[in-house]
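There are 2 protein chains.
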Amino acid sequence: MGTKDELLWYLRRGEGCWVSGEDLSGKMGISRSAVWKQISRLRQEGYAIRSSSKKGYLFLGVPEMLLPAEIREGIGTEIFGRRDIAYFGELDSTNRKAKEMAAEGAPEGTLVVAEEQSRGRGRIGRSWYSPAREGIYMSLILRPKLPPNEAPKITLVTGVSVAEALLAVTPLQPAIKWPNDILVNGRKICGILTETSTEMDAIDFVVVGVGMNVNTPEFPDELNEIGTSIYLETGKAFDRVTLLQEFLHQFEQLYFTFLKSGFESIGKRWGELSILMGKDVTVQMIDRSCSGRVLKLDRDGALIIRSENGELEKIYSGDIHIH
Amino acid sequence: MGTKDELLWYLRRGEGCWVSGEDLSGKMGISRSAVWKQISRLRQEGYAIRSSSKKGYLFLGVPEMLLPAEIREGIGTEIFGRRDIAYFGELDSTNRKAKEMAAEGAPEGTLVVAEEQSRGRGRIGRSWYSPAREGIYMSLILRPKLPPNEAPKITLVTGVSVAEALLAVTPLQPAIKWPNDILVNGRKICGILTETSTEMDAIDFVVVGVGMNVNTPEFPDELNEIGTSIYLETGKAFDRVTLLQEFLHQFEQLYFTFLKSGFESIGKRWGELSILMGKDVTVQMIDRSCSGRVLKLDRDGALIIRSENGELEKIYSGDIHIH
Chain A
73 MGTKDELLWY LRRGEGCWVS GEDLSGKMGI SRSAVWKQIS RLRQEGYAIR
123 SSSKKGYLFL GVPEMLLPAE IREGIGTEIF GRRDIAYFGE LDSTNRKAKE
173 MAAEGAPEGT LVVAEEQSRG RGRIGRSWYS PAREGIYMSL ILRPKLPPNE
223 APKITLVTGV SVAEALLAVT PLQPAIKWPN DILVNGRKIC GILTETSTEM
273 DAIDFVVVGV GMNVNTPEFP DELNEIGTSI YLETGKAFDR VTLLQEFLHQ
323 FEQLYFTFLK SGFESIGKRW GELSILMGKD VTVQMIDRSC SGRVLKLDRD
373 GALIIRSENG ELEKIYSGDI HIH
Chain B
73 MGTKDELLWY LRRGEGCWVS GEDLSGKMGI SRSAVWKQIS RLRQEGYAIR
123 SSSKKGYLFL GVPEMLLPAE IREGIGTEIF GRRDIAYFGE LDSTNRKAKE
173 MAAEGAPEGT LVVAEEQSRG RGRIGRSWYS PAREGIYMSL ILRPKLPPNE
223 APKITLVTGV SVAEALLAVT PLQPAIKWPN DILVNGRKIC GILTETSTEM
273 DAIDFVVVGV GMNVNTPEFP DELNEIGTSI YLETGKAFDR VTLLQEFLHQ
323 FEQLYFTFLK SGFESIGKRW GELSILMGKD VTVQMIDRSC SGRVLKLDRD
373 GALIIRSENG ELEKIYSGDI HIH
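So the sequences go chain by chain: A and B. Residue numbers for the first sequence, in our numbering: 73 to 395. Residue numbers for the second sequence, in our numbering: 73 to 395.
Isolated chain A, as found in the complex (with noise of 0.2 Å):
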C-alpha cells in the first residue's frame, strides 16, 4: 500500500470525525507537512477533505471517479482490479492502450480505465460514444492458456458477466445480443470489443474491452434510437465504482471457470440470457447474408441459425437484424 493509499484508510476509517495531523503523522511514520502533502494530492484528485488547524482533518467524500484506490476498497476480486490498475483521465481507447502495455509485458488481470476516451472503439471500426465520468470505459488483459480458437468464447464469458452485473445492482433485464452487445429494452446499454494476439498455435494475450453506458444523460442524435443509459432507464445515478467492481467480480469468477472447466455451465446461462434464440433474423456478414432462425450456441461459440432453405449454418460473427 502506497503512503497515498495508506492515508485515505486511515481517513476513512475515521467515519466522520475529524483525525489529527499528529495523530495521522505518528501512525504513518511520516512528517506532518508530508500529510499535508498527500491532503492536497488527494484534493486534487477530487476527495473532499476539509482541514483545521485545531481539529485536523475530515473525510467528507470520494469524488464520483474510477480512482484505482476506490476499485480496489472492498473489491471481492483476487485479481481483476485488485492487483494493476493502470488509471487515465482521459485517453484515445483503453483497448489501444491496454494492447501496448500487453505486448510490453503486462501481467493477466492488468486492468486500464479512462474517465473519457477520445475515439473509443467499436466493432469493424466503429465508435463508441464515451463522455467524461458518464459511463465505464475500461479493458483488461488476459492471458489464457488456450487455442487460439477459444477465444471468440470469452466475448461470450464477459456478455454473461456484464449481463450479471447489471442484474446484481441495478433492477434492469439485460438481454445478451450475440455477439457483443448487451441491450436493454432493445437498446445498446453495453458493448463488447475483445481483440486477440497469438504466436503460432497460443495465444499470447487478449484484451477485452467493455464500454457502458451509466451516467449518460442523453445521446447524440445518431445513436439516440440505438444507445441507452442505466440513467435513462431508471431515472436515477448510479455509482460507477460499484458498477465496475461488480463486473470484475463476475467476469473472475466466470473466466476462472471456463479456463479449469470449460465452457458448457456459463454457455447454458448465455443461452438464458441471450435475446436471440428461436428468433427469426438475417445476419449481415462482411461478404454475403443469411436470413433464418437463430437455433442454439454451437460448442465452439459460433451461432447456429437454420437458413430459410432449412440448410443449417453455423455464424462466427456479423450484424443481426430481428425481424
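A couple of the hints might just be wrong.
[To be verified] Some, not all, of what chain A presents toward chain B, calculated at C-beta under 7 Å:
no., residue
1, R195
2, N221
3, T266
4, E267
5, T268
6, S269
7, T270
8, E271
9, M272
10, D273
11, Y388
12, S389
Bear in mind the hints are in silico, worked out from the structure with no lab data behind them. Heads up, the beta-carbon is just placed ideally off N, CA and C, and yes, glycines get one too.
Got chain A; can you put chain B on it based on the hints?
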C-alpha cells in the same frame, strides 16, 4: 524515387564507366554539391564509389547489406519488398518491431529487415541465432481479409515459399518440417514465426517472421547439431539480397493465390515438400504427447496422425520428433 535512389540508378547505368558530376547535376536537377552530399551518404551506407575531380564518379559495387535500394533493384514483385521497407542495422526482433508498426497502421506488404537481431525469437519463447550480416532476418506485415482460424495456413504458405526460393537459387533440397521449420540434410536452415492480431472475428494483421541462415560459417555449440546454413551446405557464400528477393517473389505469388483461390494447390505442394508424410513421429504438445504415423495435412492446416491405438488425431502444433 528519392534523390538517393535516383542517383544510384544513374551511377549503375554507367556500367563501369565514369559519370561526370555535371551530368548528374543536370539530369537530376540538383546542384553539384548536392550530388556530392548524396555520394557521401551512399558511401556511408557501404557503397563503393570512386571519385575524381576531373572524371566524376565511378560505381564499383554494392555493399553486402540488405539495403532497401538493393532489395527493390530488379525485384519482380508488386508490393512485397517494393513499397514499404524499414531497414535496421540492428534490432531486438524484427517481429517485435513489425507488430509495433502494424499496430500503428503500417500497410500490407511492409517489410522489416535487420542485419542483426539481439533477441531474435522462435516459437514458444525460444531464441533465433541472428549474427550480423550472416543471415536474413525479416518480418512482413500482412492484412488478409480472412477469418482468424485461417491464419495458421499462412505459416504453411510461408514454408512453401521459402522452400521454392531455396530450390530456385541454390542447389539444395529443402524439406518442410511442420509447422514452421525448413530443413536441409536434417538440420534447420530457416525458421518461421507467425504472429496474428485479431479484433473480434476479423484479422487485423499477421506478422510473418523469417530467419534464414545464409552465410553463417559456424554455430554456437548448442546449435551445432541442429542448425545449418547455405554456406555450410554448399561451401559457397550466397548473395542475401538475391535470396530475399526470390523469397518475396515466391511468397507474394503464393499468398495472393491463397487469398484468391484457396489453399488446395498450395497444400498439395506443401505435401510434396514436407518431410513428415508417412513418417512415424511423436508430437510433444503443451499438455500431452501423441505418437503415430503422419497421414496428411487437413483442410484447415492441421496435421492428421493415426495414433498407435488406431485413432485419428488432429494436431495444430507441437514439437515433432521423427522416429
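Hints and how they fare:
The beta carbon of A:R195 comes within 5 Å of a beta carbon in chain B, closer than 7 Å, and the hint placing it at the interface holds. Satisfaction of the interface hint for A:N221 is found here, the shortest Cβ-Cβ separation to chain B being roughly 5 Å, below the 7 Å cut-off. Because the closest C-beta pair between A:T266 and chain B is about 6 Å apart, less than 7 Å, the hint holds. At about 5 Å, the closest approach between the beta carbon of A:E267 and any beta carbon in chain B falls short of 7 Å, and the interface hint on this residue holds.
The beta carbon of A:T268 is positioned within 7 Å of a beta carbon in chain B (closest approach about 5 Å), and the interface hint is therefore held. The criterion of a C-beta within 7 Å of any C-beta in chain B is met by A:S269, whose closest approach is roughly 5 Å, and the hint holds. Because the beta carbon of A:T270 sits about 5 Å from the nearest beta carbon in chain B, less than 7 Å, this interface hint is met. A least Cβ separation of about 5 Å between A:E271 and chain B falls short of the 7 Å threshold, and the interface hint therefore holds.
The beta carbon of A:M272 comes within 5 Å of a beta carbon in chain B, closer than 7 Å, and the hint placing it at the interface holds. Hint on A:D273 holds. Least Cβ distance to chain B is approximately 3 Å, under the 7 Å limit. With 7 Å as the threshold, the beta carbon of A:Y388 comes within range of chain B, its nearest partner Cβ sitting at about 5 Å, so the hint holds. Look at A:S389: its Cβ gets to within about 3 Å of chain B, closer than 7 Å, so that hint holds up.
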